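Working from the sequences, and respecting the hints, build out all of it.
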Amino acid sequence: MHVFLALIDKVEAAEKLIGRFRQFGLGEPVVVRARSAAAVLSAEVPVFGGLKGLVLGADEDRVLALSFVPVTEPAEAQRLVTRVQLEMDADDPPMGRIFALPVIAASRTG
Numbered sequence: 001m002h003v004f005l006a007l008i009d010k011v012e013a014a015e016k017l018i019g020r021f022r023q024f025g026l027g028e029p030v031v032v033r034a035r036s037a038a039a040v041l042s043a044e045v046p047v048f049g050g051l052k053g054l055v056l057g058a059d060e061d062r063v064l065a066l067s068f069v070p071v072t073e074p075a076e077a078q079r080l081v082t083r084v085q086l087e088m089d090a091d092d093p094p095m096g097r098i099f100a101l102p103v104i105a106a107s108r109t110g
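Take the sequence shown: its letter number 91 is residue 91 in this note's numbering, and every next letter is one higher.
To be clear, the hints were calculated from the coordinates, so they are not data collected in a lab. The model shown is predicted, which means the values in this text are computed figures rather than measured ones. A couple of the hints might just be wrong.
[As the list claims (entries may be wrong)] The following label-pair restraints were derived from C-beta to C-beta distances:
hint : residue 1 : residue 2 : range
1    : T109      : L86       : 40 to 46 Å
2    : A90       : L5        : 17 to 23 Å
3    : M1        : R22       : 14 to 20 Å
Note that beta-carbon positions come from the ideal geometry of N, C-alpha and C, so glycine has one too.
As structure tokens, this is what we get:
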């Protein structure tokens, strides 16, 4: 099993990303909105209040999508990552990055 992780810069692209996961057989991803470290620090730690203004894009949300896929062969996972990344790169501007990591999970009994 592999977990496929996609990081995109624009929240508006989440619907398109979900479609890509479906198109390439990566299932229904879990989609999480994320904030940059600069945005968190500037909002939560008063001394870093001006940090957001110094870092380009620090106040923008990001999107993380992840999906567990029963692909056991690393070569197959690499093939899927390459195909999806090519599609993501073809967007204007490019959508983001996708990765796959092998998953080690405890087996369930009962």
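Note whether the CB distance of A90 and L5 lies within 17 to 23 Å or breaks it. holds, 20 Å
Please test the hint of 14 to 20 Å on the beta carbon pair from M1 and R22. Since the Cβ atoms of M1 and R22 sit about 19 Å apart, the hinted range of 14 to 20 Å holds.
Starting from the hint 40 to 46 Å, judge whether the C-beta atoms of T109 and L86 obey it. holds, 41 Å
In this structure, none of the earlier numbered hints is contradicted; all agree with it.
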